[in-house]
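I would like the entire structure built from these sequences, with the hints used as guidance.
So the chains spell out like this:
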Amino acid sequence: MASATTAPIDTLPPAAPQSGLFGFTRAQGIALAVMVAAIVALPFFVYPQFLMKLLCFALFACAFNLLIGYVGLLSFGHAAYFGMGSYVSAYASKSWGLPPEVCVLIGGAVGAGLGLVFGWIAIRRAGIYFAMITLALAQMVYFFCVQVPFTRGEDGIQGIPRHALLGLVDLEPDMRMYWFVAGVFLLGFLLIHRIIHSPFGQVLTAIRENEPRAISLGYRVDDYKLIAFVLSAGLAGVAGGTKALTVHIATLIDVNWPMSGEVVLMTLLGGLGTLFGPVVGAGVVMTMETYLAPFGAWVTISQGIIFVACVLAFRAGIVGEVARLLRVKL
Amino acid sequence: MLEDFLFQVEMAAPQIVLGLVNGAFYALLSLGLAVIFGMLNVINFAHGAQFMMGAFVAWMLLNWLGIPYWGALILSPLIVGAFGVVLERLMISRLYKLDHLYGLLLTFGLALIIEGVFRNTFGSSGLPYAPPASLTGAPVDLGFMLLPKYRLWVVVAAFVTCIATWLVIEKTRLGAYLRAATENAPLVQAFGVNVPRMITLTYAAGVGLAALAGVLAAPIYSVNPAMGSNFIITVFAVVVIGGMGSILGSVITGFGLGLVEGLTRVVYPEASATVIFVIMAIVLLARPAGLFGRA
Chain A
210 MASATTAPID TLPPAAPQSG LFGFTRAQGI ALAVMVAAIV ALPFFVYPQF
260 LMKLLCFALF ACAFNLLIGY VGLLSFGHAA YFGMGSYVSA YASKSWGLPP
310 EVCVLIGGAV GAGLGLVFGW IAIRRAGIYF AMITLALAQM VYFFCVQVPF
360 TRGEDGIQGI PRHALLGLVD LEPDMRMYWF VAGVFLLGFL LIHRIIHSPF
410 GQVLTAIREN EPRAISLGYR VDDYKLIAFV LSAGLAGVAG GTKALTVHIA
460 TLIDVNWPMS GEVVLMTLLG GLGTLFGPVV GAGVVMTMET YLAPFGAWVT
510 ISQGIIFVAC VLAFRAGIVG EVARLLRVKL
Chain B
5 MLEDFLFQVE MAAPQIVLGL VNGAFYALLS LGLAVIFGML NVINFAHGAQ
55 FMMGAFVAWM LLNWLGIPYW GALILSPLIV GAFGVVLERL MISRLYKLDH
105 LYGLLLTFGL ALIIEGVFRN TFGSSGLPYA PPASLTGAPV DLGFMLLPKY
155 RLWVVVAAFV TCIATWLVIE KTRLGAYLRA ATENAPLVQA FGVNVPRMIT
205 LTYAAGVGLA ALAGVLAAPI YSVNPAMGSN FIITVFAVVV IGGMGSILGS
255 VITGFGLGLV EGLTRVVYPE ASATVIFVIM AIVLLARPAG LFGRA
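As you go down the protein sequences, you meet chains A and B in turn. Residues 210 to 539 (this note's numbering) are what the first sequence spells out, left to right. Residues 5 to 299 (this note's numbering) are what the second sequence spells out, left to right.
Think of the hints as simulated: they come from the structure by calculation, not from any bench. Model, not experiment: these values are computed from the prediction.
Counterexamples of contact, computed for chain B against chain A with all Cβ distances above 10 angstroms:
hint	residue
1	Val-21
2	Leu-22
3	Asn-67
4	Leu-131
5	Leu-252
Derived, one-sided and incomplete: chain A residues facing chain B with beta-carbon distance under 10 angstroms:
hint	residue
6	Ile-277
7	Leu-344
8	Tyr-351
9	Ala-518
In this text, a Cβ means the ideal position worked out from N, Cα and C, and glycines have one as well.
So this is what it looks like as structure tokens:
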């Protein structure tokens, strides 16, 4: 009901006809080249453990952006898929001794499965109700994780081994793990780009812009929304699984509501509905949190201030504003 | 057989009362959310933080100014409500022409700031707040169980507040303006009613209700910065179950779900934390608009 009567969420104008290489516009191609160069060069200058965490959260934010930015659905419970992906990957690696690529895929499958059920329930309502329902369902997952034994309660699953990639390359050294994480991130990023620029993605954008019209054109809107939701939740699960292997631990923090808020913050700050926004947003938020970590609640306060500033002053986000200044699509 | 049953009732009664007390808070909080949403079309994510502020203001009034519980019961909602006026005028009022989701995001940010500031100032551990002397002492004997006086007071006070709010909205001239403005604000404004001021005061009233709930909660739960966020997500589920269309509906849903939660704690304790969310999922599948909602 809400989406029919109010202006669509403030994102960039609808996509112009695609041109350039593999659906990337020239500006996006340049930005992609810069991003890949940064991913290759940065571990030689910055602590790789931090970069790996950043890439996991960047993938998480990109997955979330697939929903909010391209379908216009605000899921306030993405921590559930991230956290469950994290727990299940951790369990698969520690208790079953599976190789990392399988663990991460299992994490993604669990995220997608959970997303299928929750998405099926939540897409019955739109707008603000959708946000509240996804949040409430995610909180249910949190309480579930508090109670079941396999998550080890407050301790979390600790000392998760990374094992060998494909049974060949041991990922225990951080620099090797880094290339694995970078690979997962880039694959996820390109997959999202591919989804957005496929005919399927065009229908998603049409739903975001004008849902009644998409229905009247004969599209089964709910099916499209659900598929997008499952894809987003699955990629969030992949991000969570990769994170668990990276930091050797999966805890209740991954699955609780502040994590859902954090991914909303990253995406909003970077720019809703921009390809590179979530990556930039994740970078800024993670850097800020690392520096503010010793000051306790100041992390929470500064997150709140960024939320308020973004909503009141620059709704297009960092990348959105840059794109507007340069008159390009990023 | 009968003795068995009576024993069961005796075991279950405290949990059911606890459920009713929780239900009282669900009702008060979801009522405030519904009032605010009806007028502003904003889901007030800061509602939990304002609930927590209500409790803290009561604590500050007592420990810094020596104002007792009964004074705080009136002053704290007024103070937090005034804070709500400032928030609405400075920030929320800028968002009315935008997608509703921005209201949610803004108030979420405000909730983080409020919670962070209180955590910095008072720490994360709870502060004690004693119930007033007139409500302590020997519990009330209901025949089949003993009910602490203060809990009884909370249930009665919350119920009376809910009914009073309903009467104001349904039976007074002010309430009529309010309902009319919810339906069609420009038309009401054309009749010479100051709608923007009414919106501001509605927000303040909703925030005041949250603060009142906070004062009532202060002697039961320890006063701590996280007490609001623990509650608010459950209240969201309550609101989805009830549907935000009806004031009385949110009151009934609030009390009812509190009871259900209490009963679950007796029958199957493991599910007591999740039962409301499960009910929400079932209601959404059967009746997506909510029990009392208009489609």
